Amino acid sequence: MTVAVVVFPGTNCEHDVVQALDAVGVGAELVWHRDEDLGGADGVVLPGGFAHGDYLRTGAIARFSPIMNPVTDLAAAGRPVLGICNGFQVLCEAGLLPGALVANRDLQFICRPVEIEVTSKKSVLTAAAHIGEVLRLPLNSYEGNYVAPVDEIDSLEASHRVVLRYHGENPNGSTHAIAGLASAAGNVAGLMPHPERASEAVLGSTDGLVLLESFAASLVPA
Amino acid sequence: MRYRVSISRKEGLSDPEGSTTGTALRDLGFDEVASVAFGRTIVLDVADGTDPGRVDEMCRRLLANPVIEDFSVEEL
Amino acid sequence: MSLHRTLGMTDDEYALVVDVLGREPNEPELAMYSVMWSEHCSYKSSRAHLGRFRHDQDQVVLGPGENAGVVDIGDGWLAALRIESHNHPSFVEPHEGAATGVGGILRDIFTMGARPIALWDPLRFGPLDEPHNRYLMSGVVGGIAHYGNAVGVPTLGGEIEFADPFSKNPLVNVMALGLMRREQLVTKAAAGPGNRAILLGNSTGRDGIGGASILASASFEDGDAEKRPSVQVGDPFAEKKLIEACLELFSAGLVVAIQDLGAAGISCATAESAAAGGMGMDVDLDAVPVREQGMTPGEILMSESQERMLAIVAPGAVGAVLDVAARWEVPAAVIGTVTESSELRVFSGGSLVANVPAASLSEDAPLYRRPVERPRHQDDLWNDAPPLPEGVDAGKTLLSHLGDPALGDRSWIYEQYDHMLFLNTVVEPGHDGSLLRVKGTDKGLAVATDGDAVRCFLDPERGAARIVAEAALNVAVAGARPYAVVDNLNFGNPEKPEVMWQFTETVAGMAEMCEALDLPVVGGNVSFYNETDGVDIYPAPVVGMLGLADPMPLQPPRLDRAEEGMDLWLIGHEGGDDFAGSAFSRVTLDHVGGRPAAVDVGDVLAIIDHCVRLAQAVPVLHDISAGGLAVALAEICIRSGVGAVVDCDDWRLLFDETPLRVLVAAPPLADLGIDDVLVQRIGVFGGDHIDFEGAGIVDLAEATDAWYHALRRPLSVVG
Numbered sequence: 413m414t415v416a417v418v419v420f421p422g423t424n425c426e427h428d429v430v431q432a433l434d435a436v437g438v439g440a441e442l443v444w445h446r447d448e449d450l451g452g453a454d455g456v457v458l459p460g461g462f463a464h465g466d467y468l469r470t471g472a473i474a475r476f477s478p479i480m481n482p483v484t485d486l487a488a489a490g491r492p493v494l495g496i497c498n499g500f501q502v503l504c505e506a507g508l509l510p511g512a513l514v515a516n517r518d519l520q521f522i523c524r525p526v527e528i529e530v531t532s533k534k535s536v537l538t539a540a541a542h543i544g545e546v547l548r549l550p551l552n553s554y555e556g557n558y559v560a561p562v563d564e565i566d567s568l569e570a571s572h573r574v575v576l577r578y579h580g581e582n583p584n585g586s587t588h589a590i591a592g593l594a595s596a597a598g599n600v601a602g603l604m605p606h607p608e609r610a611s612e613a614v615l616g617s618t619d620g621l622v623l624l625e626s627f628a629a630s631l632v633p634a
Numbered sequence: 017m018r019y020r021v022s023i024s025r026k027e028g029l030s031d032p033e034g035s036t037t038g039t040a041l042r043d044l045g046f047d048e049v050a051s052v053a054f055g056r057t058i059v060l061d062v063a064d065g066t067d068p069g070r071v072d073e074m075c076r077r078l079l080a081n082p083v084i085e086d087f088s089v090e091e092l
Numbered sequence: 188m189s190l191h192r193t194l195g196m197t198d199d200e201y202a203l204v205v206d207v208l209g210r211e212p213n214e215p216e217l218a219m220y221s222v223m224w225s226e227h228c229s230y231k232s233s234r235a236h237l238g239r240f241r242h243d244q245d246q247v248v249l250g251p252g253e254n255a256g257v258v259d260i261g262d263g264w265l266a267a268l269r270i271e272s273h274n275h276p277s278f279v280e281p282h283e284g285a286a287t288g289v290g291g292i293l294r295d296i297f298t299m300g301a302r303p304i305a306l307w308d309p310l311r312f313g314p315l316d317e318p319h320n321r322y323l324m325s326g327v328v329g330g331i332a333h334y335g336n337a338v339g340v341p342t343l344g345g346e347i348e349f350a351d352p353f354s355k356n357p358l359v360n361v362m363a364l365g366l367m368r369r370e371q372l373v374t375k376a377a378a379g380p381g382n383r384a385i386l387l388g389n390s391t392g393r394d395g396i397g398g399a400s401i402l403a404s405a406s407f408e409d410g411d412a413e414k415r416p417s418v419q420v421g422d423p424f425a426e427k428k429l430i431e432a433c434l435e436l437f438s439a440g441l442v443v444a445i446q447d448l449g450a451a452g453i454s455c456a457t458a459e460s461a462a463a464g465g466m467g468m469d470v471d472l473d474a475v476p477v478r479e480q481g482m483t484p485g486e487i488l489m490s491e492s493q494e495r496m497l498a499i500v501a502p503g504a505v506g507a508v509l510d511v512a513a514r515w516e517v518p519a520a521v522i523g524t525v526t527e528s529s530e531l532r533v534f535s536g537g538s539l540v541a542n543v544p545a546a547s548l549s550e551d552a553p554l555y556r557r558p559v560e561r562p563r564h565q566d567d568l569w570n571d572a573p574p575l576p577e578g579v580d581a582g583k584t585l586l587s588h589l590g591d592p593a594l595g596d597r598s599w600i601y602e603q604y605d606h607m608l609f610l611n612t613v614v615e616p617g618h619d620g621s622l623l624r625v626k627g628t629d630k631g632l633a634v635a636t637d638g639d640a641v642r643c644f645l646d647p648e649r650g651a652a653r654i655v656a657e658a659a660l661n662v663a664v665a666g667a668r669p670y671a672v673v674d675n676l677n678f679g680n681p682e683k684p685e686v687m688w689q690f691t692e693t694v695a696g697m698a699e700m701c702e703a704l705d706l707p708v709v710g711g712n713v714s715f716y717n718e719t720d721g722v723d724i725y726p727a728p729v730v731g732m733l734g735l736a737d738p739m740p741l742q743p744p745r746l747d748r749a750e751e752g753m754d755l756w757l758i759g760h761e762g763g764d765d766f767a768g769s770a771f772s773r774v775t776l777d778h779v780g781g782r783p784a785a786v787d788v789g790d791v792l793a794i795i796d797h798c799v800r801l802a803q804a805v806p807v808l809h810d811i812s813a814g815g816l817a818v819a820l821a822e823i824c825i826r827s828g829v830g831a832v833v834d835c836d837d838w839r840l841l842f843d844e845t846p847l848r849v850l851v852a853a854p855p856l857a858d859l860g861i862d863d864v865l866v867q868r869i870g871v872f873g874g875d876h877i878d879f880e881g882a883g884i885v886d887l888a889e890a891t892d893a894w895y896h897a898l899r900r901p902l903s904v905v906g
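Here the protein sequences line up with chains G, B and F, keeping their order.
Positions in the first sequence are counted from 1; adding 412 to them yields this note's numbering.
Positions in the second sequence are counted from 1; adding 16 to them yields this note's numbering.
Positions in the third sequence are counted from 1; adding 187 to them yields this note's numbering.
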């Protein structure tokens, strides 16, 4: 099983993600945003960073990169597609996930660990976790505030597509404290916190591993 | 030809820059401020004879995010 | 006014140019000399003294004079480090001034072949009760966050100091660290006649024209808004692409040499690159991509537009270089050719517009031995010791200290910086020193930045020695041996003999302590003319200390690892009488005076040894600095969420700042294995108070609240 990790100009977490996937036994290849195919990968991760400088809107330009065509195809085929932080922003701009990420409520970049509750197992990101499990994960973003039209939010909640929620405090003002969500089929998922940054004891937390392991397990065709 | 595109956040959606700025203005004594909404202005220089529909399309496809933004176009 | 004077040159300097050229310079030539011979670029007032710093230790690969100092850390790895100031631009436009400071120093690192992996920002502002100082601080921190986060380099720490003289002269220093394999090292020496000079990066505009000469080499007068257009605007996305493009060029072996464009832009990069290679260069300004209309040759030469590099490339590799640049969306243009001569020849519109000996722009710069004079009132200052009260309520005093913006919680600052990117951060901001792992080895790198402007004002020599010692201790408590130093020397107007006295005393104190610790000073920056309306800043040297942890402690000491039942130990002198320049003197007495104690060199070496050893074994090791023992202990208690009871009934032992002391928290032990310096068990952790038996007591929740809001409260005030 291999995963394609997409690199846009301005992406900066790609090596961290490759390293973390390696820690859960998954091989990963870097794929350039102008490439036309994913090299036969079984799944895709869009990592964190500042694709295109976050200019215009975060993720707005990245969504039009050639690589997003095969990514969209892979998503339509029901294969696992994960967006972390900036990657989540790109997935929303590309319409692969609903809603959008806007500036944090307090208008400052937030870099600190936060508590995240698993609220649904219906995604490639959370299938191996337990509902109610609280994970300590780093949040590192300026535009982490999730917004969407009211009816969209209601629909997400009703169908258990909100898979991760901020627990105890809402650090960035996200609607319904949404920290991560999934597509209807559960194979496309996005989250603002960085699981790869909580994948080794020496870094302070290994709580991200259960999410990475979920993703890894989802790579095997059903 | 020149066009001015004005992009604004859809009503009812979170606008932290707007609310923070409103609070800041009132703290400075401008109590009359009821609300502040942030938007963006983009000025486009396009070839003469460009179909206005193309400018509209630019807005819909890239310049504005229809999930969270509205836009208007003004010829200059 | 004659042209050379408007460009900031003296008549004597102009005469020197005439002498070097053997004729009068034309306008573009004069522009080049004015910037290259400015204080910021030429170090003309400081060079004579910087030779005191040693850098011949075994670990040094490249010392001062290069873009960054480079040291060998073993296992085939080299570390590049540099510290820079962007003081004057940050006063004019704090967000962009600080942002472009980050951009500039990152280029100094990757121009050596190293990927920049971390940043630190020592900052100094006037007191936060002044709205303008709040504006400056918010702007500077925001600018560093914006640029550092977007360019994708984590900021792992820094420091903050507040004092009146910085109100009109904030200090924004930035330190950067890079890592590379030995074979990746690249220099700036343009070798090989016929090789091409390729300008990479953003187009050239009028940004910062004369920035080096106008802003950094002269003092401010009030109403200096006309200096505003000189401030450069940064583009971190362009820089990120430039970093990746350059690193790819290096690993493909496509460049002979590379030089970043900073102060003095194209004129500096071309001249230095040629001179370093003992060559000359022909430069065609028509080939430089510009983004403004009608720029004169002088303007193109002097422009300080950001995010640009100059690569020296063999003719056969030019195509490949342009391809790599295009892939990364980095504009690239061949603008020159290396020549077998010693001349820098600049062409525009087909004509020769400037022709100077390449080396003269740096090598013939004036060298000033400015007059040095001890301030007349220095002894009076030393005799004006802080008037200590008879008795002090240690609890109340501790609360007021914890609520002080310079002593309380700094997370308002560092939570704006991504400090986790690259998965190297083992000890994050908020502890004594940063600790990064070196992947693929057992090693770690610890970094600390330290300054102490008030103490350096009171006694520059002792103050400078103390900050070296403190920085050394800050890496030692993370388990790292002090390994190399970079220094940022921030001073007032060097044309004043008292300021030169501060400078020479500082260099002496710093050099001596580095010598005693066998620490190479591998690079540094001097920022003079931090003076407004005739008022100079306090002398504010800042030390950037790199430590090597071998092996890196896998569970390094942290401030938040104390637990109920652990013992509290004090290593080092008991203290009690060193208050000159202390937080107590500032916060409680509002007094600046007295003479700080000197640091005992023998003690430094012993204590460093013990800390490096103990860092492998104890949960908490904390250096006592500003605020004394009481604040250091409170920091441990607050972060760990546990109180403490301390055997102490003399408040002076709690708030004095005798150097070289460390607190230890550890499960009950017979002893720490120390017999050559004073070590005492002075208390125990537990309960929900910080209790200095007899001297005072404070509730832990109250202490935590005061500490948490120390910066947040003043900075949330609008206006």
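Calculated directly from the structure, the hints in this document are not laboratory data.
Computed from a predicted structure; not experimentally measured.
We put the CB at the ideal spot given by N, CA and C, even for glycine.
It is possible that part of the hints are untrue.
Here are the simulated distance ranges between beta carbons [said to hold, decoys possible]:
#	chain 1	residue 1	chain 2	residue 2	range
1	B	20	G	564	53 to 63 angstroms
2	G	564	B	92	48 to 58 angstroms
3	F	587	B	48	31 to 41 angstroms
4	G	441	F	862	55 to 65 angstroms
5	B	22	G	563	50 to 60 angstroms
6	F	899	B	56	24 to 34 angstroms
7	B	63	G	448	39 to 49 angstroms
8	B	42	F	834	46 to 56 angstroms
Verification of the hints:
1. 20(B) with 564(G): 53 to 63 angstroms: 30 angstroms, violated
2. 564(G) with 92(B): 48 to 58 angstroms: The hint (48 to 58 angstroms, Cβ to Cβ) is violated, given that residue 564(G) and residue 92(B) are roughly 36 angstroms apart.
3. 587(F) with 48(B): 31 to 41 angstroms: 39 angstroms, holds
4. 441(G) with 862(F): 55 to 65 angstroms: 57 angstroms, holds
5. 22(B) with 563(G): 50 to 60 angstroms: Violated, at about 26 angstroms.
6. 899(F) with 56(B): 24 to 34 angstroms: 30 angstroms, holds
7. 63(B) with 448(G): 39 to 49 angstroms: The hinted range 39 to 49 angstroms is violated for residue 63(B) and residue 448(G), with Cβ atoms some 30 angstroms apart.
8. 42(B) with 834(F): 46 to 56 angstroms: 53 angstroms, holds
Against the hints set out earlier in the document, violations occur for numbers 1, 2, 5, 7.
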